[in-house]
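Trainee: Could you slot chain B onto chain A? The hints should help.
2 protein chains.
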Amino acid sequence: MKSPEFFENVKAKAVANVFFNGNVVSHSIWDASGVRRSLGVCQPGTYTFTTADPEIMEITAGSVRAKVDGEDEWGVYGPGQAFNVPANTSFEMVVEGAVAQYVCTFG
Amino acid sequence: MKSPEFFENVKAKAVANVFFNGNVVSHSIWDASGVRRSLGVCQPGTYTFTTADPEIMEITAGSVRAKVDGEDEWGVYGPGQAFNVPANTSFEMVVEGAVAQYVCTFG
Numbered sequence: 001m002k003s004p005e006f007f008e009n010v011k012a013k014a015v016a017n018v019f020f021n022g023n024v025v026s027h028s029i030w031d032a033s034g035v036r037r038s039l040g041v042c043q044p045g046t047y048t049f050t051t052a053d054p055e056i057m058e059i060t061a062g063s064v065r066a067k068v069d070g071e072d073e074w075g076v077y078g079p080g081q082a083f084n085v086p087a088n089t090s091f092e093m094v095v096e097g098a099v100a101q102y103v104c105t106f107g
Numbered sequence: 001m002k003s004p005e006f007f008e009n010v011k012a013k014a015v016a017n018v019f020f021n022g023n024v025v026s027h028s029i030w031d032a033s034g035v036r037r038s039l040g041v042c043q044p045g046t047y048t049f050t051t052a053d054p055e056i057m058e059i060t061a062g063s064v065r066a067k068v069d070g071e072d073e074w075g076v077y078g079p080g081q082a083f084n085v086p087a088n089t090s091f092e093m094v095v096e097g098a099v100a101q102y103v104c105t106f107g
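Protein chains in written order, with the numbering used here: chain A, 1 to 107; chain B, 1 to 107.
Treat the hints as calculated values from the structure; they're not laboratory data. Take these hints with a grain of salt, some might be off.
To be verified - Covered, in the sense of this in silico footprint (three residues per stretch, anywhere, with C-beta under 8 Å from a C-beta of chain A), are these stretches of chain B:
{"hint": "1", "segment": "3 to 17"}
{"hint": "2", "segment": "25 to 33"}
{"hint": "3", "segment": "36 to 48"}
{"hint": "4", "segment": "94 to 104"}
All figures in this text were calculated on a predicted structure; none of them were measured in a lab. Yeah, the Cβ is synthetic: ideal placement off N, Cα and C, and Gly gets one too.
Chain A on its own, in the form it takes in the complex:
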């Protein structure tokens, strides 16, 4: 399901999560039903993320190439497009050119 432009009635953590020396940063929000999302911003680069919970990675700006560990194919994802990542695995994401942004939904 495509993310809205605005998430209403959420709890937002004031301090961002900072990864890869600040090349990826995200702010965490929780909706009224407790679902956690992270609003992320990625500088150009190649990143490997690990997952605990299953994740839905939806690109909201820019474009990325991504591949989940164990899969053969890389996918290309732009705004409004998403890919699923199982729990307890990892995925690679390549951001080229412009800053990319995502909404990651956990669980």
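Mentor: Just chain B, lined up with the frame of chain A:
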């Protein structure tokens, strides 16, 4: 007034504001009374921001040096410390070493 760890019951914009080629990014939130805040992350660097509304810039991580246009003194601000910026002016902010984060309250 020091920002809480979590802002409750806010509206959050899914896509971040991206400044200075992605070296400064922020997510906008609005509380129930309509007050806008931006949760910002700054890479090391020197930045000049312009203001429309008055702003309260509170540092939530890292440390910055800042000077409002027209003032003589630079201030140094760390977590929990804030400086006020009048409307329709500008301020310089220098981030050295680690990524710095802020909560900017508008109006």
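Trainee: Decide, hint by hint, whether the structure agrees.
Mentor: Now the hints, each set against the structure:
1. 3 to 17: That given contact holds, which follows from 14 residues of the segment 3 to 17 of chain B lying within Cβ reach (below 8 Å) of chain A.
2. 25 to 33: Coverage by chain A holds for the segment 25 to 33 of chain B (3 residues, Cβ < 8 Å).
3. 36 to 48: With 3 residues in contact (Cβ-Cβ under 8 Å with chain A), the coverage given for the segment 36 to 48 of chain B holds.
4. 94 to 104: Contact hint for the segment 94 to 104 of chain B vs chain A: holds, 3 residues under 8 Å.
Figure legend: structure checked against the earlier numbered hints; every hint is met.
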